[in-house]
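*Asks:* Chains A and B, in that order, are what the protein sequence lines are.
If you count the first sequence from 1, position 68 lands on 68 in my numbering, and the numbers rise without skipping.
If you count the second sequence from 1, position 155 lands on 155 in my numbering, and the numbers rise without skipping.
Read the hints as simulated data drawn from the structure, not as lab findings.
Only a predicted model underlies this, so the values are computations on that prediction, with no experimental measurement involved.
Certain hints may be false.
[Said to hold, decoys possible] Derived DSSO-like pairs: lysine-lysine, alpha-carbon spacing no greater than 27 Å straight-line:
id, chain 1, residue 1, chain 2, residue 2
1, A, Lys2, A, Lys61
2, A, Lys63, A, Lys5
3, B, Lys58, A, Lys63
4, A, Lys134, A, Lys61
5, A, Lys5, B, Lys58
6, B, Lys58, B, Lys48
7, A, Lys63, A, Lys2
8, A, Lys58, A, Lys2
9, B, Lys58, A, Lys2
10, A, Lys134, B, Lys48
Chain by chain, the residues run as shown.
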Amino acid sequence: MKYFKFLLVGILFGIMMAKAEIISWFRIYEMFRFESFHMYGIIGSAVVLGIIIIQIIKRTKLKSIYGEEIVIPDKDFSYARYIIGGIIFGLGWAMVGACPGPMFVLIGYGYYVILLVVLGALIGTFVYGVLRNKLPH
Amino acid sequence: MEFISQPWPWYVAGPLIALVLFLMLIFGRNFGVSSNLRTACSMAGAGKFSDFFQIDVKDQVWNLTFVLGAIIGGFIAANYLTSSEEVMLNPSTIENLHSIGITSAANQYLPLEIFGSEALKSVKGILILVGGGFLIGFGARYAGGCTSGHAISGISNLQIPSIIAVVGFFIGGLVMTHLLIPIIF
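Same shape as in the complex, but just chain B (with noise of 0.2 Å):
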C-alpha cells in the first residue's frame, strides 16, 4: 500500500493511459473525454439552437459511464489511496508562483488564489473559472478533440491534424502561462 499511497510516477501513469486507450478501442470505442460535453449540451436541449447538438444520446451512453467512473476515480484516490497532497514541484517553479502571488504552492493539488472560497467572493476570481472552462469547451470543439482525443488518441493513429492540434495546445498555453497569467493574476 506504500506504493499506492505515494504520488505515481509518469512511468506507471504513462503506460496506464495506453492501457486505457487499448481497453477502449477493444471495447469497441474510441477514446475521446470532451466529446461528452457536447452530449451532456444535447440532453439539455441544445438540439433545438443548433443541429450539431441533435445527436442520439443512447450511443453516448458508454462514454458518460466513463466520465462517472473517472468521477468515483477521483472520489477514491482522494478517500483511500492518497497520504498527502503536497505536489513535489520544482523549486524554481515554486519561485515563480510567488512572484505572481500564489503562495499556497504546493501543499494541495490545486492554488487556493484559484480555487478556494475566497476566489468564490470575487467576480474575477469566477470569471477566470468560468471564462477557462469556456476556453476549453470552445477551443475542445472548435479542434474536434482534446488532450485524451488529440494528443493520445489522434497521435496514437498517426494523425497529423491531431499534431497540428497539439502544437496549437501548447501555443495557447505557453501564451497563457508564459505571457498571460503574470498579467491575470
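The following block holds chain A by itself, in its conformation from the complex (with noise of 0.2 Å):
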C-alpha cells in the first residue's frame, strides 16, 4: 500500500501523456516550430498552478500524508551544467520526440521500437556517471 498511490499517480500521468498528445513526436516538432500553442499552453498552465500551489504549500506549512514538513530541496547555482546538460538533453528531446517520462508511455501505448531509446538514454546516464568529474558544472 505504501506505494500504491504511486503507481495510481503515474497510472493517471500515464493516461494523460498519451491523450494530450504529449508522447507524439509531432507535438514536439510542432512546439519547436512555434506552430500550435498546445504544448504551451500545457507547460505554461502546469508551472502557474504549480507556483500557486508550492506557494500555498510554503505558506500554509502544508504537511505530508505522513504528518512531515514538506521539502522541496533547492537547485545548486551554478551555469555551466543547467545550459550545456541544458542544451544536450534539448537536442535529444527534439530528435526523438520523447523526454523521459514519455518514454515509458510509448512502451505501454505498443510503440515497442522506444525501448532502444531508453536504452540509449541508459547508456547516456552511465557516460554521464563515469566523466562526471571531469566535466565542468
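Got two chains here, separate frames each, mind docking them using the hints?
*Replies:* Now the structure itself:
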C-alpha cells in the first residue's frame, strides 16, 4: 500500500500524457517550430498552477500525508551544468520527440521501438556518471 | 466517454500535471522522472564504475513504481481510451514534414520513418534512436533533471537553475528541429 498510491499517480500521468498527445513526436516538432499553442498551453498552465500550489504549501506549512514537513530542495546554483546539460538534453528531446516520462508511456502504448531510445538514455546516464568528475559543472 | 476518447485539450492536461506535482509533494516526494534512469543503472551494477551510482535503490522504489504506473497508463490509453490516433497538426507543420521526407504525418503518434519497422533495418535508423536517447540521458543527468524535474517542478519552485536548464532545452530543441533534422533525415 505504501507504494500503491505512486502506481495510481503514475497511471493518471501515463493516461494524460497519451491522451493530450504529449507523447507524440509530431507535437514536439510542432512546438519547436512555434506552430501550435498546445504544448505551451500545457507547460504554461502546469507551471502557473505549480507556482501557486508550492506557494500555498510553503505559506501554510502544509504537511505531507505522513505529517512531515514538505521539503523541496533548492538546486545548487551554477551556469555550466544547466546550460550545457540542458542543450544536450534539448537536442535529444527534439530528435526523438520524447523526454523521459513519455518514453515510458510509449512502451505501454505499444511503440516498442522506443525501447532503443530508453537503451540509449540508460547508456547516456551511465556515461555521464563515469565522466562526471571531468565535466564542468 | 465521448470526451475521454477525444484528444485532451491543453487546459485539461496542464492542470492534471500540476495535480501530479501536488500529489507527489503531499506524498513527501519530488516529481522527476529521469532519476529513474540513474536508479536503473545502479540496479544493473553501475556502482562498480562510478560512485554516482552508489545509491540506495530502496529509497527509489516509489519512483520506479510511478514509472510502472506510467507504462500501465499508456497501455490503458491506447487500448481503452483512444478512438483515433490522428494528431491534428498545424497544416504548415505537415507541409514542412513532407519537405523533409516525413510523409507519415500525422496518422499516428510517431512518424513511421523514424519509429517504424523499416527504420530498424538501417544502421542510421538505429543510431538516430539510440543516439537521441543517449543525448536525453546524458543531458538530463548533466543538467540535474528533465522536463518534469526542471520545467515543471523546478520552475514551479522558482528555481533560477531550472529556468537556465529550460532555456538550454529550448536552445538544443530549436537547433535540432531547424538546423539538424533537415540534414539528418
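*Asks:* Compare the structure with each hint and give your call.
*Replies:* Here is what the structure says about each hint:
1. For the given pair, A/Lys2 sits about 23 Å from A/Lys61 by alpha-carbon distance, which is consistent with the 27 Å threshold.
2. Between A/Lys63 and A/Lys5 the CA atoms are separated by roughly 17 Å; this keeps the pair inside 27 Å, and the hint holds.
3. Restraint check for B/Lys58 and A/Lys63: satisfied, since their Cα atoms lie roughly 23 Å apart, inside the 27 Å limit.
4. For the given pair, A/Lys134 sits about 40 Å from A/Lys61 by alpha-carbon distance, which is inconsistent with the 27 Å threshold.
5. As the CA atoms of A/Lys5 and B/Lys58 are separated by approximately 17 Å, the hinted pair is consistent with the 27 Å bound.
6. Distance restraint check for B/Lys58 and B/Lys48: the Cα-Cα separation of roughly 18 Å lies within the 27 Å cut-off, and the hinted pair is therefore satisfied.
7. Proximity of A/Lys63 to A/Lys2 is assessed by CA-CA distance (about 17 Å); at most 27 Å being required, the pair is judged to hold.
8. As the CA atoms of A/Lys58 and A/Lys2 are separated by approximately 25 Å, the hinted pair is consistent with the 27 Å bound.
9. For a cut-off of 27 Å, the pair hint linking B/Lys58 to A/Lys2 stands: about 13 Å separates their Cα positions.
10. Of the supplied pair hints, the one linking A/Lys134 and B/Lys48 holds, its CA atoms being roughly 18 Å apart against a limit of 27 Å.
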